[in-house]
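*Asks:* Between the sequences and the hints, there should be enough to build the whole structure, so can you do that?
Protein chains in written order, with the working numbering: chain C, 163 to 304; chain A, 629 to 760.
It is possible that some hints are incorrect.
[What the hints assert, rightly or not] Using 30 Å as the maximum straight-line C-alpha spacing, the simulated DSBU-like pairs for lysine-lysine come out as follows:
#: 1; chain 1: C; residue 1: K295; chain 2: A; residue 2: K754
#: 2; chain 1: A; residue 1: K730; chain 2: A; residue 2: K703
#: 3; chain 1: C; residue 1: K229; chain 2: A; residue 2: K703
#: 4; chain 1: C; residue 1: K259; chain 2: C; residue 2: K274
#: 5; chain 1: C; residue 1: K295; chain 2: C; residue 2: K229
#: 6; chain 1: C; residue 1: K295; chain 2: C; residue 2: K274
#: 7; chain 1: A; residue 1: K730; chain 2: C; residue 2: K240
#: 8; chain 1: A; residue 1: K730; chain 2: A; residue 2: K693
#: 9; chain 1: C; residue 1: K274; chain 2: A; residue 2: K703
#: 10; chain 1: A; residue 1: K693; chain 2: C; residue 2: K240
#: 11; chain 1: C; residue 1: K240; chain 2: A; residue 2: K695
#: 12; chain 1: A; residue 1: K687; chain 2: A; residue 2: K730
#: 13; chain 1: C; residue 1: K259; chain 2: A; residue 2: K693
#: 14; chain 1: A; residue 1: K730; chain 2: A; residue 2: K695
#: 15; chain 1: A; residue 1: K730; chain 2: C; residue 2: K259
#: 16; chain 1: C; residue 1: K295; chain 2: C; residue 2: K259
#: 17; chain 1: A; residue 1: K703; chain 2: A; residue 2: K754
#: 18; chain 1: C; residue 1: K229; chain 2: C; residue 2: K274
#: 19; chain 1: C; residue 1: K240; chain 2: C; residue 2: K229
#: 20; chain 1: C; residue 1: K259; chain 2: C; residue 2: K240
[Stated by the list, open to error] Cβ pair distances, simulated, as ranges:
#: 21; chain 1: A; residue 1: G712; chain 2: C; residue 2: D223; range: 23 to 31 Å
#: 22; chain 1: C; residue 1: A303; chain 2: A; residue 2: Q705; range: 30 to 38 Å
#: 23; chain 1: C; residue 1: F175; chain 2: A; residue 2: K695; range: 44 to 52 Å
#: 24; chain 1: C; residue 1: Q205; chain 2: A; residue 2: T663; range: 46 to 54 Å
#: 25; chain 1: C; residue 1: Q205; chain 2: A; residue 2: E646; range: 28 to 36 Å
#: 26; chain 1: C; residue 1: E246; chain 2: A; residue 2: K695; range: 31 to 39 Å
No lab work stands behind these hints, which were simulated from the structure alone. Virtual Cβ for every residue (Gly too), placed ideally from N, Cα, C.
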Amino acid sequence: MLYPTYTRRSDPFALMRSMLRDFDGTSPGRVTQPVFPAVNVWQGDEAVAITAELPGVDPADIDISVKENVLTLSGERKAPEIPEGARWHRNERGFGKFARSVRLPFVAAEDKVEARMTNGVIRIVIGRPEEDKPRRIEIKAA
Amino acid sequence: MTNDVTHTADKTPAETPETTTGRRIYRPLTDIVETADGVTLTLEMPGVAAEDVDITLEKRVLTIKGKVHATQPEKLQLAYSEYGEGDFERAFTMSDDFDPDKIGAQVSNGVLTLTLPRAAEAQPKKITVTAS
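*Replies:* As structure tokens, this is what we get:
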């Protein structure tokens, strides 16, 4: 590998850092992939929502449970049945059991959790309890 | 029970020119299985409804496009994100012996299944070479 003799004369360590970066595979910036399923968390005044992509998972195979402030999403991605004598050209999809827990910013009431699945994307909406909702504070004239 | 953790497969952007809106186009993860009757393709396209899938077969190139409906819940803002949302697109060069009129496509739970039966007349035609 060829390194430039000087890139920035004001920073004598620049070259050393750039060399180290070439060897270091775990430097920040290389983010590891999240645990399956990847989740997006949405927040608002009235509720918190969690969305996740679960393509090919039957809604009947998904289990959502809430215990205090921890929401757990678990289930199984069932492998398709392949007829005998078939030949794989590509196998990029993953299968098997999965579980993911998300800590909520409040204790969720069970009757305030609502889940809906459309086209392989699950959306779980958790209503905020009254005491957790933000309150507007009036400013009194002195 | 094992302690193995399954990671989400990388959602790689498709090798297409960039979009005007700046939204990403992703490459759907695909399983391809060949049997004696034909080839079956299974593509993961979460968020794509059956009517938003566009499949074309032109000059042996099978192109699959899927339009995603954004899942932003009303009145909520994204606070933490592990995956991106965007349309799906991928193309495959197929062998010649498929009947384009008999391609079957089905979407269920965000997974597109394509069945390509082999054409009946695809039996190889042998050309005999005569010595002159």
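*Asks:* A separate judgement is required for each hint: does it hold in the structure or not?
*Replies:* How the hints compare with the structure:
no., hint, in the structure
1, C/K295 - A/K754, "violated (77 Å)"
2, A/K730 - A/K703, "violated (45 Å)"
3, C/K229 - A/K703, "holds (25 Å)"
4, C/K259 - C/K274, "holds (27 Å)"
5, C/K295 - C/K229, "holds (20 Å)"
6, C/K295 - C/K274, "holds (14 Å)"
7, A/K730 - C/K240, "holds (28 Å)"
8, A/K730 - A/K693, "holds (19 Å)"
9, C/K274 - A/K703, "holds (17 Å)"
10, A/K693 - C/K240, "holds (25 Å)"
11, C/K240 - A/K695, "holds (25 Å)"
12, A/K687 - A/K730, "holds (16 Å)"
13, C/K259 - A/K693, "holds (29 Å)"
14, A/K730 - A/K695, "holds (24 Å)"
15, A/K730 - C/K259, "violated (35 Å)"
16, C/K295 - C/K259, "violated (36 Å)"
17, A/K703 - A/K754, "violated (66 Å)"
18, C/K229 - C/K274, "holds (13 Å)"
19, C/K240 - C/K229, "holds (26 Å)"
20, C/K259 - C/K240, "holds (8 Å)"
21, A/G712 - C/D223: 23 to 31 Å, "holds (25 Å)"
22, C/A303 - A/Q705: 30 to 38 Å, "holds (33 Å)"
23, C/F175 - A/K695: 44 to 52 Å, "holds (49 Å)"
24, C/Q205 - A/T663: 46 to 54 Å, "holds (48 Å)"
25, C/Q205 - A/E646: 28 to 36 Å, "holds (30 Å)"
26, C/E246 - A/K695: 31 to 39 Å, "holds (37 Å)"
In this structure, the earlier hints numbered 1, 2, 15, 16, 17 are contradicted, and the remaining ones agree with it.
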